[in-house]
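Protein chains: 2
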Amino acid sequence: MTLTRRDFSRLAALSAAAHFIPASTRAQSSQKKIGYAVIGLGRIAGHFIAGASATTNSQITALVSGHRPKAEKIAAQNNIPASSIYNYENFDEIAHNPAVDAVYVALPNSMHAEYTIRASKAGKHVLCEKPMATSVDDCEKMIAACKAANKKLMIAYRCHYEPTNLRAIKLIRDGSIGQVQTIQSAFGFNIAKGEWRTSKALAGGGPLYDVGIYSLNACRYLTGEEPDHIAAYASTIDHDGRFNEVEENVSWTMHFPSGVVASCSTTYGADMPGYFHVYGSKGWIQVDNAFVYEGLHLRAEASGKQLDEPNPSRDPSQFQAEAEHFSHCIQDSLEPQSPGEEGLRDMRYIAQIYKAAGINV
Amino acid sequence: MTLTRRDFSRLAALSAAAHFIPASTRAQSSQKKIGYAVIGLGRIAGHFIAGASATTNSQITALVSGHRPKAEKIAAQNNIPASSIYNYENFDEIAHNPAVDAVYVALPNSMHAEYTIRASKAGKHVLCEKPMATSVDDCEKMIAACKAANKKLMIAYRCHYEPTNLRAIKLIRDGSIGQVQTIQSAFGFNIAKGEWRTSKALAGGGPLYDVGIYSLNACRYLTGEEPDHIAAYASTIDHDGRFNEVEENVSWTMHFPSGVVASCSTTYGADMPGYFHVYGSKGWIQVDNAFVYEGLHLRAEASGKQLDEPNPSRDPSQFQAEAEHFSHCIQDSLEPQSPGEEGLRDMRYIAQIYKAAGINV
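Just so you know, the sequences run in chain order A and B.
Take any residue in the first sequence, count from 1 to its spot, add 197: that is its number in my numbering.
Take any residue in the second sequence, count from 1 to its spot, add 197: that is its number in my numbering.
Because the hints were derived from the structure by calculation, they are not lab data.
Heads up, some of the hints might be wrong.
Same chains, same names: a pair is fine if it fits in one copy or spans any two.
To be verified - Cut-off 30 Å, straight-line C-alpha distance, at most; resulting in silico cross-link-like pairs (BS3-like, lysine-lysine):
no.	residue 1	residue 2
1	LYS367	LYS502
2	LYS397	LYS479
3	LYS390	LYS479
4	LYS318	LYS397
5	LYS502	LYS390
6	LYS318	LYS267
7	LYS338	LYS552
8	LYS479	LYS367
9	LYS267	LYS230
If we strip away everything but chain A, and leave its shape as in the complex, we get (with noise of 0.2 Å):
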């Protein structure tokens, strides 16, 4: 059985209409299109840029870059007016731009509390990249400033908008595996050296805080639970400069209260696919490629049939999906389904994993 997109997007409603997802993903055409400042021009902008720019309710409005040449170019591209890019120094001007509504934070983790606060401030919404933060009280921070000016946080989980792990999700809530038991996950890649994300000052960690989240916050989605207890090892192996700072690997095994266990592992040491296979007492479901951009692949016995559906969708759709999501929470007044609150508990998730395998944070 293979799907054509138009039968994910159908999936994609069906899980909407599941309640994963609180809110439609489809925009009212009427409404006026919410316009996106993207703070930070690194390769994930680019991804959003056309995420955003293929939807009907959002649009690229505004640049925030150090790099005023390469913020110039990208706006000529997106029709950008030269007065709608900023820099570090002028952003909280961006306060007087009416055609900013939201901004996109895709800076490195440890800027992320920052911009968001100012952003807020400045009187807008705010749809930061995962990890959320640095640290617990960070988030806790974006949360409360995004609050106190009224303004909706939002953390990009792209895979709380994604077709293919939104099947997953249904699958298991429709009961189609059964009870499920176990979970095993893992994403990783081997890391160049010289990566801002192997600064802890700017990355706060390692590949847990970067790849790793994906796992963690898959298998909190899959089974809909909180995991009661965490236990895991951290380790660096290859001491070639690339690790001074962060912890090369980290492997984790969660409990959760309904009695389902997860192992995941993640790496930089590594190019370790994305995956999650999650087997239940009439059935299993394996995605694998689950994390990235396009690729995805859904396995699974399900209600005794057998599944295999590649998911055809490509890159930008992911970023398409949930700009779109955001935007129409932002016009109808509604909560997204990833708010500040969610990254906040894998940040507090993510500093259990470190203190068990005796990493100060």
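Start from chain A and add chain B according to the hints.
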């Protein structure tokens, strides 16, 4: 690339040359065949009888069972004289049967110790199924008894003699996936009500003893290291009478001295095909159906090449290989690759996992 049976034999020989198997599994055809008494005529005994009979150096010469008619039927099929059928009362008389050099212990776990010790006292070598016993204390007594009797003791870890598992080990030892960082492994099945495996008195524990031990052992032979830290959780979700005495699920994580971290799961509540995934700095290995009698499949990216190697071997080839190895060790006074000490180690780790998970052992 599809491998033939001949290729696999060659690989096994190569692996032996790589010192994972200290002795060749090839027997000298000029030597007298080693005669085995099979103790316990359950399902696995049938596989062993077929496997040993297919070797050039082993034969089944006696049976031990509480069910005389069943034993007589199997004896007739295998040209075993009725005088070489024993029961659990007269078993010790086997000492006087010169056609029996060794025994194969295929009883419920809690009976392994007694029959290993009685067999060694009867002057027979012992090939004992995994798990070796139901306590560390019993394992130590079994080793001591065989040592005192100057008899060999091997634990029937099939995977130590199985070409796909050996192939994975060799790829790792050759450095073809670089420095191993993380391993994930799982194995489980949905157990039927009333199986002896759900009796703590007979089995010692739940899925960890029975099938989780494959993942535990695999992490050890894949790394060639002993874990120095283990954390674990266990749970029982289904209160349907199957898990009154043993746990339903276990997940655990292990840290090895080199820094390799492993995440494992086992269950009696879901059909979870056994696998291991190994991720290294320069490649990866995935073996699916890693622990069953046939249908093993290795995929890898090793030395820059994509490998896809379904294993064409069919049952009882794994039992043939283990019987051949043990007989050869007896014939040539060699130490088995998986001696009692190997079973004892796993038993110690199982006890650690249960302790970490809060289960009394």
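Comparing the hints with the structure gives:
With identical chains, the CA atoms of LYS367 and LYS502 are at most 30 Å apart within one copy only, with a shortest distance of 15 Å there and 37 Å across copies. Taking identical chains as interchangeable, the C-alpha atoms of LYS397 and LYS479 lie at most 30 Å apart only when they sit on different chains, with a minimum of 25 Å there against 43 Å within one chain. For the homomeric pair LYS390 and LYS479, the shortest alpha-carbon distance between copies (15 Å) is at most 30 Å, but the shortest distance inside one copy (45 Å) is not. Proximity of LYS318 to LYS397 under the C-alpha cut-off of 30 Å is restricted to the intra-copy arrangement: shortest distance 27 Å within a copy versus 62 Å between copies.
Proximity of LYS502 to LYS390 under the C-alpha cut-off of 30 Å is restricted to the inter-copy arrangement: shortest distance 24 Å between copies versus 46 Å within a copy. Proximity of LYS318 to LYS267 under the C-alpha cut-off of 30 Å is restricted to the intra-copy arrangement: shortest distance 26 Å within a copy versus 82 Å between copies. Taking the shortest alpha-carbon separations for LYS338 and LYS552, only the intra-copy value of 22 Å comes in at or below 30 Å, while the best inter-copy value is 40 Å. In this homomeric assembly, LYS479 and LYS367 come within 30 Å of each other (Cα to Cα) only inside a single copy, at 15 Å, whereas the closest approach across copies is 36 Å.
Taking the shortest Cα distances, LYS267 and LYS230 sit within 30 Å of each other inside one copy (25 Å), while across copies they are farther apart (79 Å).
Violation of the numbered hints given earlier is absent; every hint is satisfied by the structure.
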